[in-house]
Amino acid sequence: MSINPRELRYEVEELYYEYVECLDDDELERWPELFVEDCLYKIIPRENFERNLPIALMRCESKGMLKDRVTTVRETSVYAPRALRHLLSNIRIKGNENGQLHVQANYAVLETLSDEETHIFNAGRYIDCVVREDGRLKFKEKLCVFDSLLVPGSLIYPI
Amino acid sequence: MSINPRELRYEVEELYYEYVECLDDDELERWPELFVEDCLYKIIPRENFERNLPIALMRCESKGMLKDRVTTVRETSVYAPRALRHLLSNIRIKGNENGQLHVQANYAVLETLSDEETHIFNAGRYIDCVVREDGRLKFKEKLCVFDSLLVPGSLIYPI
Amino acid sequence: MSINPRELRYEVEELYYEYVECLDDDELERWPELFVEDCLYKIIPRENFERNLPIALMRCESKGMLKDRVTTVRETSVYAPRALRHLLSNIRIKGNENGQLHVQANYAVLETLSDEETHIFNAGRYIDCVVREDGRLKFKEKLCVFDSLLVPGSLIYPI
Chain A
1 MSINPRELRY EVEELYYEYV ECLDDDELER WPELFVEDCL YKIIPRENFE RNLPIALMRC
61 ESKGMLKDRV TTVRETSVYA PRALRHLLSN IRIKGNENGQ LHVQANYAVL ETLSDEETHI
121 FNAGRYIDCV VREDGRLKFK EKLCVFDSLL VPGSLIYPI
Chain B
1 MSINPRELRY EVEELYYEYV ECLDDDELER WPELFVEDCL YKIIPRENFE RNLPIALMRC
61 ESKGMLKDRV TTVRETSVYA PRALRHLLSN IRIKGNENGQ LHVQANYAVL ETLSDEETHI
121 FNAGRYIDCV VREDGRLKFK EKLCVFDSLL VPGSLIYPI
Chain C
1 MSINPRELRY EVEELYYEYV ECLDDDELER WPELFVEDCL YKIIPRENFE RNLPIALMRC
61 ESKGMLKDRV TTVRETSVYA PRALRHLLSN IRIKGNENGQ LHVQANYAVL ETLSDEETHI
121 FNAGRYIDCV VREDGRLKFK EKLCVFDSLL VPGSLIYPI
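Chains as they are written, first to last, in the working numbering: chain A, 1 to 159; chain B, 1 to 159; chain C, 1 to 159.
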């Protein structure tokens, strides 16, 4: 990937925007397609990440497992309707080695239940590895490291 | 608009940033100038949008009506002073046909009353149509689709 | 700085992203390096800013004072562990005169205490002056004008 940094950040941003769109606009079936076959997706509390503790709230180790997760979401019936809305900031390419981009970004997920005010559901940092496959960028690794120690009770959707 | 996608997104972002600046920095009189004469501006709850129900919280069908709205805001006296602050994310050009750009973005409006903590006043999605007029981009259509079913009580300012 | 506006905004964004990274990832020692020697850093409530009142919650008038502030943070012991997370939006170059860029941006700082939900700690506007030194952009002046009149009790970290 020898294109200039500005062009590369543009491309990376487009990947993240599409990622968010899949989740926020309830097009979850498109979400696994943003990952390569052999991938890793994890949602972990910050403390566990910093202490290198393995426990994750969600863990998928292949695109197949991501698809299973989508099926699970679709089959979950006891889940009050709500809107999720991502705000991303600070999308930054921190390294570019052997065709692997190391990307970080800040995120906040806002949640709105039908008869409640909008609140911050989860916030933290993406620590990701992005690669090029068939001409377009995809996630090889995506860690969602959230700032709280409190486990969000209704974590069903990916972050 | 045959310029490259990266340049086009830059231009679109500048339009959105100026839009936000008008609202957040209380330069409301500049706000209608970001629309073409024959325009549509609506604030609607998500559910109404999804079910194609016509009811909107705010609806302006021309630049003249936008200017009227500004006058209304300026004449409203029973409105506690507050700061509004937009956070935008995920500004995305979803289509480009016949000189019309279809753009979506996530937004959150934070509100701070003078003796209260900052809270999320309204969050949702812009679903817009942007065109070029006299060399610069303007809104032809701007839908603010907010996530809540609760109608924000103090909705006087545009979103 | 005669480079094109798009390239310049890219460079400015990279500066802001690095700024946020220093604060959010607890790499505070790198924070003063983003300022020139002869600089000004202030955190002020919006009302004081608008009325030109001099009182600031934090005020540093040189890079040396910024470094002192870092020392103070590191030595503060009665400060419950928490995560801070910046969301920036609307980074805009408002002027470019005599090698000085006038830049504004919206910010929100989210705070997460270990056993609490994430909330908005502080929100407002950066009103900055950015210059080029040794080939890279740095802050000459950074005003954090926050929207509340309430003074955030636990303001120890820079914003």
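Keep in mind that the hints are not guaranteed to be accurate.
Said to hold, decoys possible - So the derived label-pair ranges between C-beta atoms look like this:
id	chain 1	residue 1	chain 2	residue 2	range
1	B	His119	A	Leu150	18 to 26 Å
2	A	Asp25	C	Leu150	35 to 43 Å
3	A	Val131	B	Arg74	34 to 42 Å
Said to hold, decoys possible - Here are the simulated DSS-like pairs of lysine-lysine, each with C-alpha atoms no more than 30 Å apart in a straight line:
id	chain 1	residue 1	chain 2	residue 2
4	C	Lys94	B	Lys94
5	A	Lys140	B	Lys94
6	A	Lys94	B	Lys94
7	B	Lys138	C	Lys94
8	A	Lys138	C	Lys67
9	C	Lys138	A	Lys94
10	C	Lys140	B	Lys67
11	A	Lys63	B	Lys94
12	A	Lys138	B	Lys94
13	A	Lys94	C	Lys94
14	B	Lys140	C	Lys94
15	C	Lys67	C	Lys94
16	A	Lys67	A	Lys94
17	C	Lys67	A	Lys94
18	A	Lys63	A	Lys138
19	A	Lys67	B	Lys94
20	C	Lys94	B	Lys63
21	A	Lys94	C	Lys140
Calculated from the structure, these hints are not laboratory results.
From the three backbone atoms N, C-alpha and C, an ideal C-beta is built for every residue, glycine too.
Now for the hints, and whether the structure bears them out:
no. : hint                             : result
1   : B:His119 to A:Leu150: 18 to 26 Å : holds (19 Å)
2   : A:Asp25 to C:Leu150: 35 to 43 Å  : holds (36 Å)
3   : A:Val131 to B:Arg74: 34 to 42 Å  : violated (53 Å)
4   : C:Lys94 to B:Lys94               : holds (28 Å)
5   : A:Lys140 to B:Lys94              : holds (25 Å)
6   : A:Lys94 to B:Lys94               : holds (28 Å)
7   : B:Lys138 to C:Lys94              : holds (19 Å)
8   : A:Lys138 to C:Lys67              : violated (40 Å)
9   : C:Lys138 to A:Lys94              : holds (19 Å)
10  : C:Lys140 to B:Lys67              : violated (39 Å)
11  : A:Lys63 to B:Lys94               : holds (26 Å)
12  : A:Lys138 to B:Lys94              : holds (19 Å)
13  : A:Lys94 to C:Lys94               : holds (28 Å)
14  : B:Lys140 to C:Lys94              : holds (25 Å)
15  : C:Lys67 to C:Lys94               : holds (29 Å)
16  : A:Lys67 to A:Lys94               : holds (29 Å)
17  : C:Lys67 to A:Lys94               : holds (25 Å)
18  : A:Lys63 to A:Lys138              : holds (12 Å)
19  : A:Lys67 to B:Lys94               : holds (25 Å)
20  : C:Lys94 to B:Lys63               : holds (26 Å)
21  : A:Lys94 to C:Lys140              : holds (25 Å)
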